[in-house]
Structure formats: structure tokens, C-alpha cells
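Engineer: Read in order, the letters of the sequence shown correspond to residues 1 to 550 in UniProt numbering.
Just so you know, these hints were derived from the structure itself, not from any lab. There could be a bad hint or two in this list.
Unchecked claim - With a Cα cut of at most 20 angstroms, we get these calculated DMTMM-like pairs of lysine to aspartate or glutamate: (1) 217 <-> 306; (2) 134 <-> 62; (3) 456 <-> 306; (4) 420 <-> 350; (5) 263 <-> 131; (6) 263 <-> 129; (7) 307 <-> 89; (8) 456 <-> 350; (9) 307 <-> 458.
As the structure is a computational prediction, the values presented were derived from the model and not from experiment.
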Amino acid sequence: MVKRVLNFLNKGQDGINQAAILLAIFAFLAQILGLIRDRALASIIGPGTTLDVYYAAFKIPDFIFISVASLSSVMVLLPFLADKINAKEEANRFFNNIFSVFSGLLILTSIITFFIMPVLVKLIVPGFDSEAQKMTLDLSRIMLLSPIFLGLSTMFGSITQLFKKFFVYSLSPVFYNFGILLGVVWFYKMLGINGLAIGVILGALLHFAIQIPIIYKLNFRPRITFDINWLEIKQVVMISLPRTLGLALNSITLIILLAFASKMSAGSISIFNLALNLKTVPLTLIGISYSTAAFPTLTILINEKEKFFHELSLAGRQIIFWSLPALVLFIILRAQIVRVILGAGLFSWDDTRLTAAALALFALSITAHSLVLLFTRAFYAGQRTFRPFLINLISAFITVVFAFAFVKLLKNSEVIIFIKALLRVGDLSNTLILTLPLAYSIGTIINCLLLWLFLKRDFNVPGLGLFRTFSQSAVAAFIAGVVAYLFLVIFGKIFNLNTLAGIFAQGFFAGILAILAGVSMLFFLGNQELKNIITILKTKFWKTKVVISE
Numbered sequence: 001m002v003k004r005v006l007n008f009l010n011k012g013q014d015g016i017n018q019a020a021i022l023l024a025i026f027a028f029l030a031q032i033l034g035l036i037r038d039r040a041l042a043s044i045i046g047p048g049t050t051l052d053v054y055y056a057a058f059k060i061p062d063f064i065f066i067s068v069a070s071l072s073s074v075m076v077l078l079p080f081l082a083d084k085i086n087a088k089e090e091a092n093r094f095f096n097n098i099f100s101v102f103s104g105l106l107i108l109t110s111i112i113t114f115f116i117m118p119v120l121v122k123l124i125v126p127g128f129d130s131e132a133q134k135m136t137l138d139l140s141r142i143m144l145l146s147p148i149f150l151g152l153s154t155m156f157g158s159i160t161q162l163f164k165k166f167f168v169y170s171l172s173p174v175f176y177n178f179g180i181l182l183g184v185v186w187f188y189k190m191l192g193i194n195g196l197a198i199g200v201i202l203g204a205l206l207h208f209a210i211q212i213p214i215i216y217k218l219n220f221r222p223r224i225t226f227d228i229n230w231l232e233i234k235q236v237v238m239i240s241l242p243r244t245l246g247l248a249l250n251s252i253t254l255i256i257l258l259a260f261a262s263k264m265s266a267g268s269i270s271i272f273n274l275a276l277n278l279k280t281v282p283l284t285l286i287g288i289s290y291s292t293a294a295f296p297t298l299t300i301l302i303n304e305k306e307k308f309f310h311e312l313s314l315a316g317r318q319i320i321f322w323s324l325p326a327l328v329l330f331i332i333l334r335a336q337i338v339r340v341i342l343g344a345g346l347f348s349w350d351d352t353r354l355t356a357a358a359l360a361l362f363a364l365s366i367t368a369h370s371l372v373l374l375f376t377r378a379f380y381a382g383q384r385t386f387r388p389f390l391i392n393l394i395s396a397f398i399t400v401v402f403a404f405a406f407v408k409l410l411k412n413s414e415v416i417i418f419i420k421a422l423l424r425v426g427d428l429s430n431t432l433i434l435t436l437p438l439a440y441s442i443g444t445i446i447n448c449l450l451l452w453l454f455l456k457r458d459f460n461v462p463g464l465g466l467f468r469t470f471s472q473s474a475v476a477a478f479i480a481g482v483v484a485y486l487f488l489v490i491f492g493k494i495f496n497l498n499t500l501a502g503i504f505a506q507g508f509f510a511g512i513l514a515i516l517a518g519v520s521m522l523f524f525l526g527n528q529e530l531k532n533i534i535t536i537l538k539t540k541f542w543k544t545k546v547v548i549s550e
């Protein structure tokens with residue numbers, strides 16, 4: 001039985017269609033498990049000190065993974081390994097080099113962090129009392145195993161992808177979320193808050209362990225070596241450094257916002273993270289998908305300007321086409337989205353309202369954030385990596401400044417009072433947390449605008465037709481938003497909103513009718529992106545080549 005399972009895991013997917021289906025199915029499954037995970041956290045633990053501590057404890061281990069493990073990411077290692085695949089011995093030597101240096105760096109960083117963790121905890125959660133800081137310290141130390149396992153898994157992932165073992169590669173994030181989910185529903189009941197950290201470690205271990213049989217089957221058994229080719233290590237680091245710095249900046253920004261949130265009422269960090277996770281869903285499906293798909297082509301066409309601009313225009317217009325309606329519908333249907341996904345157990349109606357308001361403010365930057373991902377990759381394709389890093393640094397600083405200003409200076413201003421009234425949370429007492437997603441969205445929008453301005457200047461980018469797509473999509477999104485709001489009111493009188501089924505039906509049917517109204521408006525306006533989608537649906541789009549996500 002075990003042998004059959006191992007043989008199944010070892011089976012490669014040579015056909016593009018087969019690989020695409022596997023990647024799509026498991027990416028969707030990982031998203032679903034992520035939402036189930038958040039629902040379990042919200043319902044079993046609920047927004048409060050315990051969940052705040054859990055999210056805070058994640059930040060330092062997560063930063064280690066981003067700043068160290070991403071230096072040896074799949075995107076970086078795969079081209080090196082592909083060049084050496086015909087010389088198995090050379091490929092093994094290179095992989096042993098990478099494994100020895102980066103696994104050692106991960107372990108060393110985690111050990112050092114273990115001892116300086118008390119100082120770091122006081123910096124990231126200065127508003128926590130001594131007991132909450134002690135819990136954060138303990139959980140963070142336990143979770144330091146997570147970046148080690150995930151980092152090793154990332155390195156192994158380059159091998160599994162190289163030999164087209166997409167089933168195992170796609171299964172890893174599913175196992176990761178499953179481990180965390182077990183921590184919430186099982187270990188938490190047995191071990192208390194430490195059980196949550198055990199679940200994270202289990203998820204990271206499963207993410208890593210599922211790839212071990214394949215690595216050994218392929219005779220890519222990693223070995224520690226001290227005969228390091230430092231020139232190769234330097235090449236890997238120099239290629240990965242710009243992306244790593246960009247990811248690290250975003251992580252640092254979120255850590256600073258977390259520090260602000262720690263000084264607010266209990267549950268503020270929980271509300272912030274739950275709303276941010278919901279906003280990440282359309283960002284992943286739209287922004288990451290299109291920017292990742294466009295990157296290889298942009299890189300190839302960098303010296304053919306007209307084709308480069310055409311590809312950039314195509315990806316940008318598609319992002320705007322999909323993300324603007326998503327932005328509006330997430331704002332209008334925010335309460336239904338939050339209540340259906342998170343509303344159970346200890347997650348109260350006030351928690352729903354506050355999380356929905358935070359989601360609406362995060363949603364303001366869905367389009368901008370998606371375009372940031374695309375524009376950044378356009379700079380990378382042109383090997384101008386310093387520019388987006390500098391712009392990201394400026395935008396991160398602006399985000400922090402706005403957060404400070406909103407929290408300290410505008411706490412009781414007319415602007416904040418108006419926003420609270422607009423989002424219908426004026427009667428809630430713990431709304432100060434809403435200043436942080438607002439600051440985050442403003443910083444992201446500024447980031448997008450700066451990237452676009454410098455992209456036009458540095459690459460002499462002509463008009464890409466983005467404004468026309470933006471204006472048409474904005475009109476359609478507005479119509480969809482109005483229709484969604486009207487039918488929310490109508491269906492609110494038909495369905496029983498005291499039940500999950502009633503709230504789901506209200507949001508679902510209002511959303512469907514809104515989408516139909518938006519599509520009709522786009523058709524009336526002669527929108528080119530809609531025509532392209534209709535054409536694609538008439539062709540065998542599933543034969544499109546697979547693009548591996550970062």
C-alpha cells in the first residue's frame with residue numbers, strides 16, 4: 001500500500017493540460033483550506049488577546065522565511081538547475097552547495113533569533129501587557145522551526161518542478177494549511193495556545209516532508225558540503241535579492257502596523273489580519289496570476305519594445321478589467337462575505353461589522369496592488385531592480401506616516417468620523433483599527449502611481465490603453481455596485497438574515513445580478529477585454545502553457 005502511494009506521488013505530469021488541471025485544483029483547494037482555517041480561528045478562538053498573540057507570533061518567523069528562504073526560491077533555482085540537468089553530477093553538486101549554505105543560514109538565523117526574541121517581541125507588540133508579551137515570546141520561539149522546514153521545502157520544490165512532479169508541488173501548500181487547521185481544531189483544545197504553534201510547525205513539516213520521497217527517488221539526496229562554490233552562491237543571491245528586499249519591505253510595513261494595532265483594544269490585530277487575508281483572495285486570483293503569467297514573456301521581449309508594450313498593456317488591461325469590479329463588490333458585499341466565511345461561534349456580529357469595514361478599506365487597493373505586482377515585474381524584466389525597491393521603500397515610509405497620522409492626529413477628526421459613518425460602524429467603540437487598513441491602501445495606491453510614472457519615464461512607455469479600460473471598467477463596476485446594493489435591500493426582506501443560508505443567499509443572488517449588470521454595461525460600451533474573454537472561451541484555452549507561480 002505504501003509503495004503504491006509513493007509510486008503515485010512519484011508520477012510525473014508531462015502533459016501541459018494534466019499539469020494545469022492539477023495546479024489549478026490544488027491552488028483552489030489551498031485557498032479554500034485557508035478560508036476554513038480563518039473561520040476556525042475566528043469561531044473557536046474569536047478576536048481577542050489569544051488570537052492577537054497568535055498573529056503577532058507569526059511575524060518574526062514569517063520575516064525570517066521571507067528574508068532568508070526567498071533567496072533560494074523556486075523561481076531563482078529552477079533556471080540554474082535546468083541548465084545543468086543534462087549533467088546530473090553537476091546539478092547535484094550545485095544543489096548541495098545551495099542546500100548547505102541556505103539551510104545553514106536558516107538554522108543560524110533561527111538560533112540567533114531565539115535568543116534575541118525578547119527584544120524583538122517588545123518592539124513588535126509594545127502595546128501588549130507583560131502576560132501577552134510572554135505568550136507571544138513562547139509562541140514565536142516554537143514557530144522558529146517553521147521557516148526552516150518551509151525554506152527546505154522551497155529548495156526541494158525546485159527539484160520537484162524540474163522533473164514535473166506537479167502533484168507533490170501542488171499538494172504542499174494544502175498540507176501546510178491542513179496542519180494549521182489541525183492546530184486550531186485539535187491541538188488548541190489539548191494544549192491551549194501553544195497548540196496553535198504546534199499546528200503551524202506540523203503544517204510546515206508536512207509541506208516539507210511530502211517532497212522527501214520524490215527527492216530521494218530522483219537521486220537528488222541533499223548532502224552537507226564545505227566545498228562551496230561561492231561564485232555560484234553570489235549569482236543566486238544577486239538574482240534573488242531585489243525580490244527578497246521587496247518582500248521584506250512589505251513584511252516590515254505590516255510589522256510596524258502590527259505594533260500600532262497592539263496599542264489598541266484587544267482583538268484589533270485579529271480584525272486586521274482576518275480582513276487582510278480576505279483581501280488577499282482576489283489579489284492572488286487576479287494580480288498574482290496575471291503578473292506571474294506576463295513575467296516570462298516580458299523578459300523575453302524586453303529588447304522588442306512594441307511587443308513588450310503590447311504584452312504589458314494586455315496584462316494591465318486584464319488586471320483592471322477583473323479587479324475593479326472585484327473592488328466594488330467586495331466593498332458592497334463586505335458584510336455578507338465576512339459573515340458567511342467567518343461568522344460562527346465566538347465571532348460576534350460586532351466583529352463581523354468591524355472586519356467588514358476593515359475589508360472595505362483594504363479592498364480600495366485591490367486594483368492598485370495587482371498593478372504593483374505587474375509593474376514591478378516589468379522593471380525586473382528590464383533588469384532595473386533598484387527602481388522598484390526604492391519606490392517600495394518610499395511607499396512603505398508613506399504608509400507608516402499615514403498610519404501614525406491617522407492614529408495619533410486624526411483619531412477624533414471629522415474625516416475619521418465620516419468614514420466610520422459611511423461604513424456603518426459609528427456606534428462601535430473599537431474602530432481605531434480602521435485607520436491601519438486605510439493607511440495601507442493609501443500607501444499601496446501611491447506605490448502603484450509612482451511605479452507607473454517611473455515605468456513610463458524609464459522605458460518610454462506610450463499610451464497602453466489603460467485609461468480607456470479603466471474608465472469602462474469603472475462605469476461597469478459602479479453599475480454593478482448600485483445593482484448589488486439595491487438587491488441586497490430587496491433580498492434582505494425576502495431571506496432570513498439570522499441564518500447562514502439566508503445571508504449567503506442574499507449576497508450570492510445580489511452578486512450574480514450585479515455581475516450580469518456589469519457585463520451588460522461592458523458589452524454596451526464595446527469593451528475589448530470582454531470581447532477577448534468571449535473569444536478565449538470559444539477556443540481551447542486549457543491548452544495554454546502552464547506558468548508556475550512564485
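Engineer: Would you mind confirming whether the straight-line C-alpha gap from residue 456 to residue 350 stays at or under 20 angstroms?
Structural biologist: violated, 45 angstroms
Engineer: Going straight from one Cα to the other, do residue 263 and residue 131 come out at no more than 20 angstroms?
Structural biologist: holds, 14 angstroms
Engineer: Given the hint that residue 217 pairs with residue 306, does the C-alpha gap stay at or below 20 angstroms?
Structural biologist: violated, 46 angstroms
Engineer: Residue 307 and residue 458 were given as a pair; does the straight-line alpha-carbon distance stay at or below 20 angstroms?
Structural biologist: Holds, because 17 angstroms separates the two Cα atoms, which is no more than 20 angstroms.
Engineer: For the pair supplied as a hint, residue 134 and residue 62, confirm whether the alpha-carbon distance does not exceed 20 angstroms.
Structural biologist: holds, 19 angstroms
Engineer: Quickly compare the C-alpha distance for residue 263 and residue 129 to 20 angstroms and report which way the hint goes.
Structural biologist: Measuring from Cα to Cα gives roughly 10 angstroms; hence the hint holds.
Engineer: Mind checking the alpha carbons of residue 420 and residue 350 for me, to see if they're no more than 20 angstroms apart?
Structural biologist: OK: residue 420 and residue 350 at ~14 angstroms, within 20 angstroms.
Engineer: Is the hinted pair residue 456 and residue 306 satisfied, with a Cα-Cα distance of at most 20 angstroms?
Structural biologist: Holds, because 14 angstroms separates the two Cα atoms, which is no more than 20 angstroms.
Engineer: Does residue 307 pair with residue 89 here, judged by a C-alpha cut-off of 20 angstroms?
Structural biologist: Not OK: residue 307 and residue 89 at ~39 angstroms, beyond 20 angstroms, violated.
In this structure, the hints that do not hold are numbers 1, 7, 8, in rising order.
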